[in-house]
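Asks: Residue strings, one per chain:
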Amino acid sequence: KNEVEQSPQNLTAQEGEFITINCSYSVGISALHWLQQHPGGGIVSLFMLSSGKKKHGRLIATINIQEKHSSLHITASHPRDSAVYICAVASGSRLTFGEGTQLTVNP
Amino acid sequence: EAEVAQSPRYKITEKSQAVAFWCDPISGHATLYWYRQILGQGPELLVQFQDESVVDDSQLPKDRFSAERLKGVDSTLKIQPAELGDSAMYLCASSGGQSSYEQYFGPGTRLTVT
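Chains as they are written, first to last, in this note's numbering: chain A, 7 to 113; chain Z, 332 to 445.
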């Protein structure tokens with residue numbers, strides 16, 4: 007079993023829909039990251055959080071340390087949100103990555 | 332805004348050839364990471380540097396891979412000889428500064444071995 011599990015693996019939505027991507031982990035962590043990877047390959051950090059909730063524009067990330075679970079929500083989804091979303095857990099400086107969720111938002 | 336630079340962006344090489352990738356981290360970042368990402372999977376750490384010293388290279392296939400960061404700034408990852416299974420995205424990241432554990436990723440080098 008992977009230390010970091012994401013669901014779903016693939017997600018297709020219509021423009022405007024509310025989207026949720028889930029991440030569960032089995033190890034102790036100091037922080038959790040949500041990352042976005044576009045088809046060109048570069049990775050952009052969306053959030054780093056260790057408790058509670060963070061919001062940036064249409065993106066919201068939550069974490070429940072007791073349940074070892076995090077969610078990434080996208081409100082009013084748009085085709086430009088189409089990308090791979092990766093959850094990564096940090097133990098000190100080391101990151102362990104999930105396999106990613108491929109999101110496709112259709113117009 | 333400061334960015335992590337990588338080159339080349341794309342590389343096609345034949346099996347058994349040597350190939351090298353270059354990474355220039357964000358200025359002042361002491362920690363540099365090389366990751367390999369196979370298509371459809373998350374990145375896996377190959378090597379981590381703190382300044383010029385290797386902190387973790389436990390997942391680096393040392394029979395064919397080498398990495399150096401001689402002056403503690405930019406870094407080179409080399410594969411010799413390349414194998415078909417090395418086809419992947421090679422990502423460099425750096426961390427340091429005010430948010431010391433947040434990693435900033437470069438655009439990656441996509442390697443295809445034929």
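Hints are computed from structural coordinates only; laboratory data are not their basis.
These numbers were taken from a predicted model, which means no experiment stands behind them.
Any given hint could turn out to be false.
[Claimed, not checked] Derived CB-CB ranges, DEER-like:
(1) Z:S384 - A:S32: 28 to 34 Å
(2) Z:V404 - A:G63: 21 to 27 Å
(3) Z:S389 - A:E11: 34 to 40 Å
(4) Z:T445 - A:T26: 36 to 42 Å
[To be verified] Each computed SDA-like pair below joins lysine to any residue, with the alpha-carbon atoms no more than 25 Å apart:
(5) Z:K342 - A:K74
(6) Z:K342 - A:K60
(7) Z:K342 - A:G48
(8) A:K74 - Z:E375
(9) Z:K342 - A:L52
(10) Z:K393 - A:T102
(11) Z:K342 - A:K61
(12) A:K60 - Z:K402
(13) A:K61 - Z:K402
(14) A:K74 - Z:L376
(15) A:K60 - Z:S426
(16) A:K60 - Z:E433
(17) A:K74 - Z:E433
(18) A:K61 - Z:S426
(19) A:K61 - Z:E433
(20) Z:K393 - A:S99
(21) A:K61 - Z:K393
(22) Z:K409 - A:T102
(23) Z:K393 - A:R100
(24) Z:K342 - A:V90
(25) A:K74 - Z:G371
(26) Z:K402 - A:S99
(27) Z:K342 - A:S99
(28) A:K59 - Z:K402
(29) Z:K409 - A:G47
(30) A:K74 - Z:Y432
(31) Z:K342 - A:H44
(32) A:K59 - Z:K393
(33) Z:K409 - A:K61
(34) Z:K342 - A:G46
(35) A:K60 - Z:Y432
(36) Z:K342 - A:K59
(37) A:K61 - Z:E334
(38) Z:K346 - A:G47
(39) Z:K409 - A:G46
(40) Z:K402 - A:R100
For each residue, glycine too, the CB sits at the ideal point set by N, CA and C.
Asks: Evaluate each hint against the coordinates.
Replies: Structure-based check of all given hints:
no.: 1; hint: Z:S384 - A:S32: 28 to 34 Å; in the structure: 30 Å, holds
no.: 2; hint: Z:V404 - A:G63: 21 to 27 Å; in the structure: 34 Å, violated
no.: 3; hint: Z:S389 - A:E11: 34 to 40 Å; in the structure: 23 Å, violated
no.: 4; hint: Z:T445 - A:T26: 36 to 42 Å; in the structure: 40 Å, holds
no.: 5; hint: Z:K342 - A:K74; in the structure: 39 Å, violated
no.: 6; hint: Z:K342 - A:K60; in the structure: 38 Å, violated
no.: 7; hint: Z:K342 - A:G48; in the structure: 16 Å, holds
no.: 8; hint: A:K74 - Z:E375; in the structure: 21 Å, holds
no.: 9; hint: Z:K342 - A:L52; in the structure: 28 Å, violated
no.: 10; hint: Z:K393 - A:T102; in the structure: 21 Å, holds
no.: 11; hint: Z:K342 - A:K61; in the structure: 38 Å, violated
no.: 12; hint: A:K60 - Z:K402; in the structure: 38 Å, violated
no.: 13; hint: A:K61 - Z:K402; in the structure: 39 Å, violated
no.: 14; hint: A:K74 - Z:L376; in the structure: 22 Å, holds
no.: 15; hint: A:K60 - Z:S426; in the structure: 21 Å, holds
no.: 16; hint: A:K60 - Z:E433; in the structure: 15 Å, holds
no.: 17; hint: A:K74 - Z:E433; in the structure: 20 Å, holds
no.: 18; hint: A:K61 - Z:S426; in the structure: 23 Å, holds
no.: 19; hint: A:K61 - Z:E433; in the structure: 17 Å, holds
no.: 20; hint: Z:K393 - A:S99; in the structure: 22 Å, holds
no.: 21; hint: A:K61 - Z:K393; in the structure: 42 Å, violated
no.: 22; hint: Z:K409 - A:T102; in the structure: 23 Å, holds
no.: 23; hint: Z:K393 - A:R100; in the structure: 20 Å, holds
no.: 24; hint: Z:K342 - A:V90; in the structure: 22 Å, holds
no.: 25; hint: A:K74 - Z:G371; in the structure: 24 Å, holds
no.: 26; hint: Z:K402 - A:S99; in the structure: 21 Å, holds
no.: 27; hint: Z:K342 - A:S99; in the structure: 29 Å, violated
no.: 28; hint: A:K59 - Z:K402; in the structure: 40 Å, violated
no.: 29; hint: Z:K409 - A:G47; in the structure: 20 Å, holds
no.: 30; hint: A:K74 - Z:Y432; in the structure: 20 Å, holds
no.: 31; hint: Z:K342 - A:H44; in the structure: 19 Å, holds
no.: 32; hint: A:K59 - Z:K393; in the structure: 41 Å, violated
no.: 33; hint: Z:K409 - A:K61; in the structure: 40 Å, violated
no.: 34; hint: Z:K342 - A:G46; in the structure: 14 Å, holds
no.: 35; hint: A:K60 - Z:Y432; in the structure: 18 Å, holds
no.: 36; hint: Z:K342 - A:K59; in the structure: 40 Å, violated
no.: 37; hint: A:K61 - Z:E334; in the structure: 23 Å, holds
no.: 38; hint: Z:K346 - A:G47; in the structure: 23 Å, holds
no.: 39; hint: Z:K409 - A:G46; in the structure: 22 Å, holds
no.: 40; hint: Z:K402 - A:R100; in the structure: 22 Å, holds
Violated hints for the displayed structure, listed by number in ascending order: 2, 3, 5, 6, 9, 11, 12, 13, 21, 27, 28, 32, 33 and 36.
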